[in-house]
Every structure is written in C-alpha cells, then in structure tokens.
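For the record, the sequence lines run as chains A and B.
So that you can map any letter, position 106 of the first sequence is 113 in the working numbering, and since no number is skipped, the others follow by simple counting.
So that you can map any letter, position 321 of the second sequence is 554 in the working numbering, and since no number is skipped, the others follow by simple counting.
Keep in mind that the hints were calculated from the coordinates and are not lab data.
Some hints here could point you the wrong way.
Cβ-Cβ distance ranges computed for the label pairs, FRET-style [to be verified]:
{"no.": "1", "chain 1": "B", "residue 1": "S378", "chain 2": "A", "residue 2": "H348", "range": "24 to 34 Å"}
{"no.": "2", "chain 1": "B", "residue 1": "A290", "chain 2": "A", "residue 2": "R382", "range": "45 to 55 Å"}
{"no.": "3", "chain 1": "B", "residue 1": "D246", "chain 2": "A", "residue 2": "R440", "range": "20 to 30 Å"}
Built from N, CA and C at the ideal position, the CB exists for glycine as well.
Take a look at the letters that make up each chain.
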Amino acid sequence: MKVVVTGGSGQLGTLVLRRLLGLRKIKQLVSLDLRPPALAGRKLTAIHADVRDPAIAAHFAGADAVIHLAFVVTGLLPRPQFDAINIGGTDNVLAAVAAHQVPRFIYTSSIAAYGVVSGHPDPIVETTPRRYQPEFAYSACKYTVEEHLDAFEAAHPEVAITRLRPAILVGNHMEHVLGDMLRRRVLVDSETPMPLVWDEDVADAIILALQAAPAARGAFNLGAREPASSAELARATGLRLLRSSPLGRAIAARALPLLARLGVIHAADPAWLKQTAARMVMASDKARAELGWRPRGDTAVDVLRLYVSEVPGREDPRITAFLGMVKLAARRMPAPPEARHMNLTIHLVLTGPGGGERTLRLRDGRLDITRGAPRPPDSTLTLRAQTLLDVLAGRTDFGTLQLTGALRVEGDPAAQMMLGAIVTGFKTQARARGLRGQITRAFGKWLGAHAQPERTA
Amino acid sequence: MKFSIFFEMQIADPTRASEVQVFHDCVEQAVLADQLGYHCVWEVEHHGLYEYSHSSAPEVFLAFIAARTQKIRIGHGVTLLPHRYNHPIRIAERVATLDILSGGRVNWGSGKSSSLTEQHAFESDIANLHAQWLEAVEMIPRMWSADVFSHKGKFFDIPPTQVVPKPVQTPHPPMFAACSKPDSAAAVGRLGLGALNFAFGSDDYLTDKVAEYRKASAAAHPVGRQKTEWFACTPATLVLRDDKKACEYGMRGARFFGSSMAEYYFSGTRPTGKLKGVPRDFLSPADLTAAMAARNAPGSSVATIVGDPASARETVERFKDAGVDELILVMQMGTVPHELVMESLRTFAEDVMPHFG
Numbered sequence: 008m009k010v011v012v013t014g015g016s017g018q019l020g021t022l023v024l025r026r027l028l029g030l031r032k033i034k035q036l037v038s039l040d041l042r043p044p045a046l047a048g049r050k051l052t053a054i055h056a057d058v059r060d061p062a063i064a065a066h067f068a069g070a071d072a073v074i075h076l077a078f079v080v081t082g083l084l085p086r087p088q089f090d091a092i093n094i095g096g097t098d099n100v101l102a103a104v105a106a107h108q109v110p111r112f113i114y115t116s117s118i119a120a121y122g123v124v125s126g127h128p129d130p131i132v133e134t135t136p137r138r139y140q141p142e143f144a145y146s147a148c149k150y151t152v153e154e155h156l157d158a159f160e161a162a163h164p165e166v167a168i169t170r171l172r173p174a175i176l177v178g179n180h181m182e183h184v185l186g187d188m189l190r191r192r193v194l195v196d197s198e199t200p201m202p203l204v205w206d207e208d209v210a211d212a213i214i215l216a217l218q219a220a221p222a223a224r225g226a227f228n229l230g231a232r233e234p235a236s237s238a239e240l241a242r243a244t245g246l247r248l249l250r251s252s253p254l255g256r257a258i259a260a261r262a263l264p265l266l267a268r269l270g271v272i273h274a275a276d277p278a279w280l281k282q283t284a285a286r287m288v289m290a291s292d293k294a295r296a297e298l299g300w301r302p303r304g305d306t307a308v309d310v311l312r313l314y315v316s317e318v319p320g321r322e323d324p325r326i327t328a329f330l331g332m333v334k335l336a337a338r339r340m341p342a343p344p345e346a347r348h349m350n351l352t353i354h355l356v357l358t359g360p361g362g363g364e365r366t367l368r369l370r371d372g373r374l375d376i377t378r379g380a381p382r383p384p385d386s387t388l389t390l391r392a393q394t395l396l397d398v399l400a401g402r403t404d405f406g407t408l409q410l411t412g413a414l415r416v417e418g419d420p421a422a423q424m425m426l427g428a429i430v431t432g433f434k435t436q437a438r439a440r441g442l443r444g445q446i447t448r449a450f451g452k453w454l455g456a457h458a459q460p461e462r463t464a
Numbered sequence: 234m235k236f237s238i239f240f241e242m243q244i245a246d247p248t249r250a251s252e253v254q255v256f257h258d259c260v261e262q263a264v265l266a267d268q269l270g271y272h273c274v275w276e277v278e279h280h281g282l283y284e285y286s287h288s289s290a291p292e293v294f295l296a297f298i299a300a301r302t303q304k305i306r307i308g309h310g311v312t313l314l315p316h317r318y319n320h321p322i323r324i325a326e327r328v329a330t331l332d333i334l335s336g337g338r339v340n341w342g343s344g345k346s347s348s349l350t351e352q353h354a355f356e357s358d359i360a361n362l363h364a365q366w367l368e369a370v371e372m373i374p375r376m377w378s379a380d381v382f383s384h385k386g387k388f389f390d391i392p393p394t395q396v397v398p399k400p401v402q403t404p405h406p407p408m409f410a411a412c413s414k415p416d417s418a419a420a421v422g423r424l425g426l427g428a429l430n431f432a433f434g435s436d437d438y439l440t441d442k443v444a445e446y447r448k449a450s451a452a453a454h455p456v457g458r459q460k461t462e463w464f465a466c467t468p469a470t471l472v473l474r475d476d477k478k479a480c481e482y483g484m485r486g487a488r489f490f491g492s493s494m495a496e497y498y499f500s501g502t503r504p505t506g507k508l509k510g511v512p513r514d515f516l517s518p519a520d521l522t523a524a525m526a527a528r529n530a531p532g533s534s535v536a537t538i539v540g541d542p543a544s545a546r547e548t549v550e551r552f553k554d555a556g557v558d559e560l561i562l563v564m565q566m567g568t569v570p571h572e573l574v575m576e577s578l579r580t581f582a583e584d585v586m587p588h589f590g
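Put together the whole structure using the sequences plus the hints.
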C-alpha cells in the first residue's frame, strides 16, 4: 500500500507519519512538505515540495490514499498568499488525486469550517450548515475548501473523501499562541468553553479513516466531550489562569504580531484572538460510531490532563545534568572501535514532566549532544523523562524498556545501541572503585531521587 | 524459509556442575532439533564471556554433534579469523575435517570478534581486525581448492604448502559472515558471503537491509569459489502452547541475553565475575503485560519470537515479508530451563514450521 501525505512535517503530520511508519501493510510512504520531516524510516520518502506546484502530481502515481494536511493555520501572510496555499494548494492536490485515480482522499478540515460565529446550534453536528466568515482568513479558507470538495465529490464519485473536522488541536509542538501559553502552563481566561481535541487522537482518527472498510465517506467531527471554560479547565488540571479583559485582548491582538516578529512567541494571527466569543460545542458521536474513534482525551479536562502529563514543561535539572555529563565524557573519551565509522543523527525525545529534546550526533564515532530536534534525523528515540531517570537509578533496566515498548524507536535501530551504551557506560562507571566511581555513584543517587511533583501553579 | 538453532551456551550464574550440564543439554537439544527437521545447528566462538557465552571450542562441540545427528547441517556461526585466535591454515584443516566426518554438512561462518574481553585476552591488534579477517577469509577457500597453496599478503607469507584434508562439499562449504554492525550486511554481500545478522529494528528497516544485501550480493566479487546469497537472522525465541508461560520465561531470557551482551559489548570495560547490572528475575506483572502487548504491535521491532504458536507465526511472517531466508532461533538463553527449550523446539517444529514449508 502506498500513502501520500501533504504537510507531513507539521505538528499533526509528524504524528500521522509515525503511525504510518508503524503500519506494516504500508510499504511506501511519501511526505510532501517544505520542511524536512521530524522522523525517519526506510519506507518514507520525504519530498521538498510546495502544494501549489503542479509537479507534485508525479508523486501520486500508484497511491492508494492521499492524506492532505498541508495548510497554513496562523501566520502573518498576505491574504492572497494565505488563500493560494490553503485553497489553491488543495485544488492542486485534488487535481493530482483525480489525475492518478487515487481511490481515497482524507482531508483534515476544521471546526472553523462551520464558521467561528455565534448562533450555532448546541451541539454542532456534521449536517449543521456551514457559515462563511470572510473576515477570519482561516475559517474562510476551511469553508471554501469544503465547497470545492463538494464540487469535486460530485464530479469524482469514484474517489472516497473523508473530511475530518477537528476542534483546536492540543499537544506537543503547537505552533500558535495557545501552545506558547500552555508551555508556560498558563491558560487565558475566557467565559466561552474552548472546543479542544488531543492531537494524537486526531492522528488516530486519520488512521481509522484510512483503514475503514468500506471507505468512510463524508464529514466527521473530532472533539473532546464536555467542553469547559478556561477557569474550570485550569481548576481541574492545575494550570495557571491568566485573567484577561476584552480591552486586554484587543491590546494583545495588536501586540502579538510584534512579539512574533521579535521571536518571543510563535507567529500569531490576531484574527484568532477575536474569535473567543463564539460558542461552539461540537458532537463527535458519528466518528465514535462509524470510525470506532476512542479518543484518550475523552473530555476537555482529559485533553488538558494529557497535556500536563505528556508534554514537557521545564526540563528536569537532573536530565539536564546527566546529558551534560554524557556530552563532556564523550568529548574526552576516544571513540570505541566498533563505533569508529558510525555516522548517526539521533533525535532523543524525553516526554512527560521534566522532559526535553536533544540531538545526539555521532560523526565517525564521536558523539556530540545539542539541544533541540534535528531535521531530518536518522532515528528517533522516545521515552518518558521519568523512565530515563528510573533506568539510571536502577529502578528498571534498559532491556525491559526495549521489550515493553517503553522505549520507542523510529528509523535506524542502531540508535538503541547508542543509548544502551550511554546507560551501560554510566552504570559501569558507578560501580568503579576510586574517586571517579564515588562521584558517579553520588551523581546517580541524585538522579535517582524520586521526581518532585511537577510545579504547576 | 529455513529454521535453525543457535548456541551461545549461556549460563546464568554458573557453577562447575551447571556448566557441565549446559554442554550436555545443548547436545540433547541439537539431537532433538535434528529429529524434528531443523535446518542447521549454529554455534558461536567466544572467549571468556562468562555467563554470556561459554562456547569457546565450537569445533569440538560441532564434531560431537555431527557424530550424534543425521541430517542437520553443522554451522560455525562464527569462527574468529584474526590470527591470534585461529591461524587460517588451522581453520581450513578443521573445517575440512568436520566436513568429511559430517558427510558434507558444514556451513562455515567467520567474524572478527568485537568484545574487548577476547580482543585483549588474545592480545589482538584491535586497529586492524577487519584487515586480518579480510585476508584470512580470502585465503581459506583457496586452501580448500588449491593442491599447493601459497600466499603473500599483509599478515602472512606462506611458502608453497599442501593444506590437507580437502572438504567433501564442492567447491567447498558455503561461506557466511557475521554482521555485528547494522550497515555491514551489504559489505558482506559484496564479498559473496551469506549474512548472519542480529535481529533488531523495524520491519521496513530489515526489509531495506535485506534488499541492500541482495543488491550487493548480485554484484559480488566472491572471495570463495562460489557465492552464497543467504540472509539469516538470530531472534531470541521461546514458543510454548501456554502464551503467558512462554512470555514469562522467554522475555526474562531475552532480557538476560541482551543485558549480558551489553555488559561485554557496550560497557567499555572487561567485566569479570558474575555480571552486575543484568536482571535475572521475572519481569514484573505490569512489565510482562506491556511486553506481551508490545509483540507485533504497530511500530514494534521485529526481534524476538516469544509466545504461543499463533504469536510466533505472526512474527515469523514479518521476517518472511522482509525477505529473510533463515531464522536461527536463540532458544538456549541464560535463565531458560533446558526442559522449556526442549518443549519450545517441539512446539515450534509442530505448530510453526509447517506453515512456512
């Protein structure tokens, strides 16, 4: 099976690619994006491509499904460019789907396709009329694309189209203001309940749609149940509530583009901040019934609880110290003969409270560790920050992590050996006689101390 | 697809008595494997890897097995070629003798050793292990085919010598090599050698590795008189009809196997005595449940074949899809009782092998 993904390098795209890489019946995976992917896999071909470029059609030949995620969500692009990417890009992708007779097309629309305006029924279901909202570019684009899909669907009944309409995606790597706030464990106060969904759940829905037999045609809302106000969510999850007034929001809307240009926050579309008054409660019963969707973020509170438990806030100083120590040790030690010719770029992802991300770069056997994520990596290693501390403290062992799946590997499996060698090397040092052993043991004891409860308020 | 068995001769916390027992157990396992129709008995050569591998004289063990069995092939997986371990002439002589006595059943694999323990013990020059291996692996097949052998190379200057006896297989036993590093399968293919691989990584990674190996093998300049295009993996294995029991013992064994290997290969030291930091107890109930669920899950590594026959068939299918020719099952892992290895050999032969005939 061959699957083509547009926008595979983004927040949702990365989660979708990870799932597709793990599915054995998919033998060929093509990702079209302007950015390099965050994951590697032998069956993944990453193409540097613009969705507006008609030449992308060549990559659709022989595809069994196209998952269209490429979309500009926020940003400060001029409207014609914003429209050209979102609407024109989708038209171009659809033309390629038709040209190569791809039987399945999965598109992530949005709750915004209904129009972020007041007066919607409670709840919004898939048949609720969509309302055009010209002044809010994102919503207008989502609306127009769905119109184009209606026309395409009529002209090409042989293509099964699934339209997923997720609420606001909450998860790691959110590239917008809500993400910037949540990373600081803050929620902005607002009376209207925020329609939310856990991003991993949306990725799951995409895979369910891909595997549905017969094909899942039509629209599916994807949102957590029991939407709640910011104040309620903050109370239930321990996030800090940032009070704001309409005047404050108006000032923020003007200040945000400047802050974004200064690099303080992600590029922010001020239009987004004006949308908080519209009450939008969405029912996702259809996805549950027809796709078998079982979101982990079942309710809005669950979504934010997942955020707090899965997405790293501030890095645990013990993790920082350990990786710093490994970096220093690697600089001093000669490359082991077995690794002398190894070249490998590893993305180490430590999830959960206290976690963080590192690039482990092995060049001719020399290891260097830097902050942040490499794109593209040769492999990605994912484990919880607490799990790494547990291994170092001897509460669990590396072999168990590999058997239980507590350590996930994408791409070149040699990365496992690399991490295994780091852990084994550390534990061997800690058993050594003399001063060096004593220091390592003391350090290990500190690493092994039980985690402090995450400071959230 | 062919199914074989692999002996490291592992012993968790050995005593003199248990060490003796393991050798006799392995003979019994090999004899049973022959009766059950397994393809080959492969045995490693390691020196001083206490607990991890007590198999230091495979030529003796394999000769004993050859005498006790009828059809099963007799595999060196592998002989260490750096000449401090074995002089190439001695290898040619011993393998030819084994080939004669076994009635032409020998598979010969070679490698260069990768643990400091054995490299230091034999005072090998670590900097040129690969060069030593390469020179010897080219010399040995010539010793088998040339009436009068002579050689002038980097490490050896051998005057005209009649290396006897000659093997019975023509032109000589099939040749294999260990691929300890992830990228070495293609290098082995280029030399026209069969590839013996550790099993790890995702399905698409393994598929790609097999494909790269075959591409290299297709364009090979064989070091022997004949090319062997063959890709084998060595998964940790325990298959019993009781899924939970298989996992209790099999996961513990696989963990012992991996952890004791790490102590010798990744610690940067030469451990002595009972290996520290190697867990020997059963997995906790929570870990066992997680490990059972992780088998064959999306994104899982295709590495261990542990569980009931249904689970085993699913994993074997994954190896088959990747294009693997032979699975060399590592059932004899430290902590796994002999009786369970015997039961596993039978169960696998009865309920898994026939599906991949």
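Mind checking the hinted window 45 to 55 Å against the Cβ distance between A290 of chain B and R382 of chain A?
holds (51 Å)
At the C-beta level, are S378 of chain B and H348 of chain A separated by a distance inside 24 to 34 Å?
Since the Cβ atoms of S378 of chain B and H348 of chain A sit about 33 Å apart, the hinted range of 24 to 34 Å holds.
* **R440 of chain A and D246 of chain B - C-beta distance against the hinted 20 to 30 Å** => With Cβ atoms ~23 Å apart, the hint holds.
When each numbered hint is compared with the structure, no violation occurs for any of them.
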